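Student: From first to last, the protein sequence lines are chains A and B. Under this note's numbering, think of the first position of the first sequence as 672, with each following residue one higher. Under this note's numbering, think of the first position of the second sequence as 3, with each following residue one higher.
It should be emphasised that the hints constitute simulated quantities derived from the structure, not laboratory data. It should be emphasised that the depicted structure is a prediction, and the values quoted were computed from it without experimental measurement. Treat the hints loosely; a few may be bogus.
[Said to hold, decoys possible] Some, not all, of what chain B presents toward chain A, calculated at C-beta under 7 Å: (1) 24; (2) 56; (3) 75; (4) 80; (5) 82; (6) 88; (7) 90; (8) 91; (9) 103; (10) 105; (11) 106; (12) 108.
Idealized CB from N, CA, C, for every residue including glycine.
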Amino acid sequence: MLNVIIKDLKLMLSDKKELVAIILMPVILTTILSFALAGSFQEVGSEWKMDIAIVKNYDYDSEITKFNNLTQSFSEKYDLDYETIHEEEITDQLDIEKIFFREFLGSDKMKTFIDYVICTEEEAYKLLEEKKVSGIVIFPKGFIYDSYINLLTSFRNNVDIKIISHPDMSYRKRIIEEIMASFNNILTSISVSKNVYLDQASQYITLKESIENVETFINQIGTEPLQLEIQSKSIQGKNFVNSFTYYSVGMLSMFILFTAGYGGKFILDEKNNTTYYRLLAGGIERRKIIFGKFSMMFIMTVLQSVVLIIYSKLAFQVAWNNLLLILLTVFISSFAVASIGLLIIALTLRTDSYKATDAFSNAIV
Amino acid sequence: MLDIIDIHKAYNKTKAVEGISFQVKKGEMIGLLGPNGAGKSTAISMIATLFKPDRGEILYQGESIIKNPKVIQSKLGFVPQEIALYPTLTGMDNLKFWGRTYGLKGSHLKEKINEISEIIGIRDRLKERVDKYSGGMKRRLNIGCALLHNPEIIIFDEPTVGIDPQSRNHILNAVKEINRRGATVIYTSHYMEEVEFLCQRICIMDQGKIIASGTKDELIGTIDSDEKTTLKVEGLTEKMIEKMREISYARNLVVSDDSVIFNRKGNHVNYSEIIDAISQEGGKLLSMDVQKPDLEYVFLQLTGRALRD
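Whole structure, please, built from the sequences with the hints as guidance.
Tutor: In C-alpha cells, the structure reads:
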C-alpha cells in the first residue's frame, strides 16, 4: 500500500507543470493579487470608517413650491381640502432631507463608520480621484419633488440616485449601495403604508375624507422611529482582513479544490497507459490503487496548505493565529478535498473519460 | 502446469474468444499466433486474471484461478502490449515500484534490478525519465518490470509491436534467455517469424478460436505442404511444358510468361528430370526458386487469408 502511495506522490512531484500549478501558482497569484488590490482593503489595525461625498443636484425650495402647486391644482380639481405643502407646514417627520441627513446618516450607529461631506459634483469627483472619499452619492435634479410625489400621492416617479466609487474600492460601492437601499426601504415603507391606508380607509369613509386625512396618517407613521438597524459586532482577538490574508485564504481554498481533480486524472492516466491493468495482474486490489490516489490528494493538499501558510506568514506577516486550529482545519479540509477526489475517481472510472475531472476543475472550481 | 479449458469471452455481442483450450507445460514456450483481432490478447488477459471468462475454466497447478486469482498472481509476470510504465518517473523508479509491488525489498531488489537491467540492456540509462527513452528501450523496460520477481510464468502480449529491428532482436534474445533460465513463457504475436524462432509449440488463432496447434513441423504437416518451385526459363516451348507436366513430382504446374511454377511432391527430389526436359528442348534454365511452406502458408491454407490482412 505504502509503495502505491509513494509512487503516486512521486508521479505528482515528477510532473513539474502540475507541481507549479498546484504549489507555486497559489503562491504567485496570492502575491500578485494581494499587492495589486491592497488599496481595496483597510490597513490592518486601522479604524474602519468610510467617507462619502454627497451631491445635491436638486433645488429644495423650488421643488417644494412645484409640489405645492401640484397639490393645490389637485385639490381644486377634486374639491378637496388638501393642505398645501410648504416648508413651514411640512412636519419634521416628512422632511426628506431631515430624514436622510439627520435621522439616517446622523444616527449614532451610522456616524461610527460613515462621514459625509456635501459638495458639488465637480468637487466630489476630485475628492474621489484623490481617494479622499470612498464614493459619491448623487441625488438627482427633482429628487425632492419626485420623492414627495411618491410619498404623498398615488403616482410613481422614478428617483435615480447615482452611486460612484473608485475602481480600486469597488466593494465599498456595494456598502454605499446597501446603505442607500436601506434609506430607500424607509421611504418605500412609508409609501406602501399610505397606499394600504387609502385602500382600507375607502371601505369605511369616503374617498374625499380618506385623501384629506392621508397626510395626518403619514405624519403618524413618520413619528415612529426609523426602522434602521445597523448591527455591529466586535470579535475579540480578530484582526482586520488585509489583502494578503484575504487572498492567501482565497487562493488556498481554490487551489486545494483543484487537487481533487487530480485523482480522476491520475486514475485515467493509469488506465490509459495500462499500468492499472498491470497492477491488477500483479495482485494489487482496486481499492488499494484508489486509496493510493486518495492519499496522494490528501498529502498534496496538506503540502499546498502548509507551503502557502508558511509563505504568507513569512512574506506578508499574515496572522494565522492559533496554529493548532489551523493545522486541524488543514487536515480536515484536506480530507474533504481527497474525498471529493474519490467521488471524481468513481465518476471517471464509470465514464472512462476526463469529463468528470474537467467539469470539476473548469466548471465547479 | 496451466490448463485452459474451453474459455469463452464476449464484449457486448461480439465474441472475442470462443471456446479455446490448451495446456502449458512447465518450462515450455508456447506461442499464440494470429492476426489482429484474433482474440489472443483477450485470451491471455483472462490467464493474467485481468478479467474472468464468461464460461470455461483456467487451472494453475490444478487450482482454479477464476475462483482464486491470487494462486497465480504472484507467480505471473505480465508484459502488456502497451507500454505499461510511468513515463514521468525514471527507469529505476519504475523497476523499484514494480519490484516492490511483487514484494521485493532492500538489497534483494537492488540485485534484481541490476540483473534484469543487464538482461534488457538499459543499465546505463536507469536514471533517465522513461519519457526520454526510445520506443525500443521502453519496450525492454516494459519487459524488465515483469521479470523482477522471477515469475514462473511470463505472458508476453506482442512485445515487439512498433519497434526497430535491433531492439526487436534484443527482445527476442532476452525472451529466449528468460525461457532458458526456466521460466514458462506464453508469447503472442502476429509475426510468424517471431513465434517460429521462439516457441516450441504454437496455437494458431483466428476469430476467437484455435484453428490449429502443435510444433511448427506438426502444423506444416497438417496441410498439403509441398514446396513451391518457380523456374525461370529462356526459350520456353509448349513441348517443353508438356514434358514437365509428365514428371511425377511436379504437381499443379502453371506457366506465367517465362516462368514455370509447380508444387514439388516428395522430399528426395533432385530436379534432374526437369533440367533434362529444358535442355533437350533447347531451353536454358535461368533461375530456380524453391519456397518451403511456413506458418504464414499454413495460416493461408487454413483460413484463406494472409496472417497480416
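Student: Against the earlier hints, flag every one the structure doesn't satisfy and list their numbers going up.
Tutor: Failing hints, ascending: 1, 2, 10, 11 and 12.
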